[in-house]
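If you read the sequences in order, they're chains P and V.
Letter by letter, the first sequence follows residues 1 to 114 of our numbering.
Letter by letter, the second sequence follows residues 1 to 116 of our numbering.
Source of the hints: derived by calculation from the structure; they are not laboratory data.
Please note that a few of the clues may not be correct.
Chain P is faced by these chain V residues, among others (derived, beta-carbon under 8 Å) [to be verified]:
#  : residue
1  : Tyr32
2  : Phe35
3  : Leu45
4  : Phe47
5  : Arg50
6  : Asn52
7  : Ser95
8  : Thr98
9  : Thr100
10 : Ala101
11 : Ser102
12 : Lys103
13 : Thr108
14 : Gly109
Glycine included, C-beta positions come from ideal geometry on N, C-alpha and C.
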Amino acid sequence: DAGITQSPRHKVTETGTPVTLRCHQTENHRYMYWYRQDPGHGLRLIHYSYGVKDTDKGEVSDGYSVSRSKTEDFLLTLESATSSQTSVYFCAISESGREDYEQYFGPGTRLTVT
Amino acid sequence: AQKVTQAQTEISVVEKEDVTLDCVYETRDTTYYLFWYKQPPSGELVFLIRRNSFDEQNEISGRYSWNFQKSTSSFNFTITASQVVDSAVYFCALSEATGTASKLTFGTGTRLQVTL
Chain P
1 DAGITQSPRH
11 KVTETGTPVT
21 LRCHQTENHR
31 YMYWYRQDPG
41 HGLRLIHYSY
51 GVKDTDKGEV
61 SDGYSVSRSK
71 TEDFLLTLES
81 ATSSQTSVYF
91 CAISESGRED
101 YEQYFGPGTR
111 LTVT
Chain V
1 AQKVTQAQTE
11 ISVVEKEDVT
21 LDCVYETRDT
31 TYYLFWYKQP
41 PSGELVFLIR
51 RNSFDEQNEI
61 SGRYSWNFQK
71 STSSFNFTIT
81 ASQVVDSAVY
91 FCALSEATGT
101 ASKLTFGTGT
111 RLQVTL
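Work out the full structure, taking the sequences as your base and the hints as a guide.
Below is the structure:
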């Protein structure tokens, strides 16, 4: 199994509060991704990173920011959480940015915004 | 834009039955890669297989087989002699280059329920 952990695993927060989710990997992979999973939508890409301090937006990036100050950690921040951001968040890593490389996923974080 | 369609939302079968999960994709790329992932009730996503667009050979791995047909833009997944442990949500995904990395476009998933 790829060495990916996510913290926290579960979180309940109130609308308007900031929230930071952490993804930590021990594989030294350059590429890291944040997805959200919602019923009827599958998984959708929020942001990704192609190196330390190198990040870019995915298809559902509004309301989210990310940071990557070291190879092993990729942080996802909800600046002011809204109920529409209630979801399960998955981090993924990949050894390469090439299309033929699979991504390996962390265990997920279930976030509820009340 | 790329798109992956998994029209079967939920399938229920009895153990030992064969079951096929459908995946239809859209892309304008001539070279592309397709993936299947499994999400068991525990919630993690498990990589199952990768297929490239220029190799139309079917793939078999134990009870699992995959049928890739470029002519119909389909990449279907068959489980032979299903077992209760196969109960999961299965996702088909299509990879796309972004210029700086690659990203996966997922289908909405098919929930497979295998009962005794």
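Results of checking the hints against the structure:
{"no.": "1", "hint": "Tyr32", "verdict": "7 Å, holds"}
{"no.": "2", "hint": "Phe35", "verdict": "6 Å, holds"}
{"no.": "3", "hint": "Leu45", "verdict": "4 Å, holds"}
{"no.": "4", "hint": "Phe47", "verdict": "5 Å, holds"}
{"no.": "5", "hint": "Arg50", "verdict": "6 Å, holds"}
{"no.": "6", "hint": "Asn52", "verdict": "6 Å, holds"}
{"no.": "7", "hint": "Ser95", "verdict": "4 Å, holds"}
{"no.": "8", "hint": "Thr98", "verdict": "7 Å, holds"}
{"no.": "9", "hint": "Thr100", "verdict": "5 Å, holds"}
{"no.": "10", "hint": "Ala101", "verdict": "4 Å, holds"}
{"no.": "11", "hint": "Ser102", "verdict": "4 Å, holds"}
{"no.": "12", "hint": "Lys103", "verdict": "5 Å, holds"}
{"no.": "13", "hint": "Thr108", "verdict": "5 Å, holds"}
{"no.": "14", "hint": "Gly109", "verdict": "5 Å, holds"}
Hint compliance for this structure: every hint is met.
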